[in-house]
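Given these sequences and hints, build the entire structure.
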Amino acid sequence: MLVDLLFTCFAVFSVLGALGLIIFRHPMNGAMSFLVTLVSLAGLYALLSAKLLFALQLIVYAGAIMSLVVFVIMFLNIQPDQLPAEKTKVTYLVAGGVAVTPVAFFLLKVINRLPNMPVSFADEGFGGVKEVGLIFFREWLVPFEIVSILLLTALVGAVVLAGKREKNK
Amino acid sequence: MIHDYLVLSVILFCLGVVGVFARRNFFTVFMSVELMLNASNLAFIAFARLQQNMDGHVLALLIMAVAAAEAALALAVVILLHKQTGKLDTNVFSLLKG
Amino acid sequence: MEHSTFYLGMIPLYPLLGAVCIGLFHVLTCKRWQVPPLVYGLLACVGPAMSFFLALRVFFELRALPLDARFFTYKAFTWFSVGDLHLDMGFLADPLSGLMLLFVTFIGTLIHVYSIGYMSGDKSYAKFFAYMNLFLGSMLILVLGDSPVVMFVGWEGVGLCSYLLISYYSEDRDNVLAGNKAFIVNRIGDLGFVLGMGFLFWAIGSHGFDFLSLKANAHMMTESSILIVCLLLFVGATGKSAQIPLYVWLPDAMAGPTPVSALIHAATMVTAGVYMVARFSFLYVEVAAAGMIVAWIGILTALLAAIFGMFQDDIKKVLAYSTVSQLGYMFAGVGVTAYSAGIFHVFTHAFFKALLFLGAGAVIYVLHHEQNIWKMGGLKKKMPITYCTMLIGALALAGCPPFAGFFSKDEILYSALANGHFFIWLIGVLVAAMTAYYTFRMIFVVFHGQPRDQQAYDHAHEAPLVMTVPLIILAIGALFAGFYNLPAIFGGEQMISHWLAPSVADQHPHDSFLLEFFVIATSVAAFAFGLWVAYKRFGKGAEEPVFTGFARFAYHKFYVDELYDAVFVRPYKAIGAEISEGVEPNMTDAPVTGIARLYMRVGTLVKVLQSGYVRVYAIYMVLGLGIMSFILSQSLN
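Sequences listed follow chains D, X and S, in order.
The first sequence begins at 1 in the working numbering and counts up by one.
The second sequence begins at 1 in the working numbering and counts up by one.
The third sequence begins at 1 in the working numbering and counts up by one.
What the hints contain is simulated information worked out from the structure, not anything from laboratory work.
Incorrect hints may have been included.
To be verified - Distance condition first, Cα-Cα at most 20 Å in a straight line; then the derived PhoX-like pairs of lysine-lysine:
(1) S:Lys380 to S:Lys540
(2) X:Lys87 to D:Lys87
(3) X:Lys97 to S:Lys607
(4) S:Lys380 to S:Lys536
(5) S:Lys380 to S:Lys607
(6) S:Lys31 to S:Lys123
(7) S:Lys382 to S:Lys607
(8) X:Lys83 to D:Lys89
(9) D:Lys51 to D:Lys130
Nothing here was measured: the structure is a model prediction, and the numbers come from that model.
Pasting the structure below:
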């Protein structure tokens, strides 16, 4: 029962956070709201016995990436007049909702065809650091290395893009 | 039930799509994309639980790494954009206008 | 293969390398510092000289071989191999190409040396020598090529270089037009060559396409196909060797610098046609009709060019028409199946014509590029060496015994008569008289009498040593080259005929002492008559004549250029203009532009969708995804 309760809580919080993200005007508010979603998702991961991902969601996503986003938002010191005036936001939100309905409908249909099972805590060895790490370095070594190169590229790219550049060059 | 997780992931994904669809604020659009990525992560992990197979976790990890790379670049672009125009409007980019 | 034949490939390589070196050297240095022109000149002479020494080696090695196996080949690399056609970049040395090699490289080297003097002071000295080396290299490829295709490479190479060199003084539009003319007329001939080559390949090419295989397989062809091949190849020869009807480019080719004229007219390019016919003699000898056509076109060209030559007032044009005329003799020779006589005339002609051109070049050089003979006169005293050497050349050209031209011309005329072609012989004798006339007309007007332009005369002086030495060497050649093929009547052994016997399908007439004596007597009489008339009219100095009647007609070269212009060039241009104005915009361009316009219209309609905003594209994506999902969910039930 506790599991169901926790799931309901996390689900409601994550949806609310996501709604907040797409509704709040100021990105700072949006980011805070999105943070709620991320933390709730971490909880959901924990419910799904993904221990490593639970930790990483908190550390990498909610910790590193979001703090980077928040940092940039604060660094730019955004004034309300710099934000785009979105007067037709509500219309667009409704239109987007309508446009996305068939997608949701289709996905739900697909989900309905999948086998269902109750979620209980899995075996001891499921989703731990060691187990995921073993799979990672045995079967997914090449994608892992490629992702490391991607991160390096992104690092260099970010420095090049955002760094100071001399004029007329 | 595992279906609930999947339905939740669909809802979050659709909210992310709506965010990209409806908003012009650069940060919000960016975070909506992140939201979609997270929704897919949730789906992956739910599937991993369903199949008792940890490949889903690995994929979720890779997605996180990609999201981190994307965040770094996207934010660099945002800083540039802000420097250049002083605005945070995705409509500033219209070079592709036919 | 007992001995290495690698050096055979080096022969054309040296001048080609020279061309590349000079060109690169010039390009690399021309911006920064001034290289003394002598460096280029010496650099340019090295390649031909090396080739000459290798040609000597080829000659002696050939001579060491037994008579029936006097050839060797060198395969540089496989050029391409497609289906039946397997082609090597191969070189063939046999008596024919050995002889050609020898005098081509020898005279080429002398002309290069001479050019050092003649071109001094020219601003694109390096370019000139690069072209000259390229020209010589191409000619050597032509001579050495072991298959028609390799030969064609050289054939086109000399065509290209002649174009480059004729329009060398490219500041003047006329020179460029002359170059264009040479190139285009040659192209017509080349088409014949290519077609002939293709036809030959179609007939017997699958058994190997080098000359040796072709020769071995020639008997497999039918007579009519041989005739077609022969005539098509001869079209190529008329282009390159300036025969009727494609001779028109050669007089205009005088626009180039004089050493170029000497190189084109004496040693290399124009003899290519004769050489080619001799190369394919195994085909020509099969069909008498082909030979007859060649001989008649040759002798008619000789006649026509001699008529033109009598009325020219440009020293180089006189020589140009004499070249055309002598080439006519050569074709008459190879046409009456006296291939060795034809090649022998090529050989002697190379010496005395190079000599005459270089001598004329010396005159032009000291008179500061004055070419009109009616502005010269009395130069005998000022330029004794040039005078003496040119006199030797003129005697050789006119066919005075015992100079070189006499023996070779006599050989051709004798072969014609002995093989039963009376009219060809008769015209030949007539042309001989005319040759003597116009040659000595030129000599008398230029060197004898009183100076017509006193100021130019006063400034005239003997040409520098670097120019006179080649003249003297060539004069010795023009004097003695004929003795190599001394006919039996003078106790000679006809060395060249015997030498060439393995390469060409010669048909020796039966030696008839009486007939030969008769031919010689008429030739000498014709020469004497021509000389006498020339002396009568010009020996004591003469005024520039005013041409009337036939002379005027001949002075304007029978208006052949104008005729060609009216019959071919203008209609061709008109058709071209018609096509470019009428057909092209309406028939070929219209659908293309129509389609382009259609796309533009549709594009303007669709353009509205391309707002350029990121979000709008996202909306399209979501809409597309929605539609796709909708369709998929329909099929899911």
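Those earlier numbered hints the structure runs against, lowest number first: Structure breaks hints 5, 7, 8.
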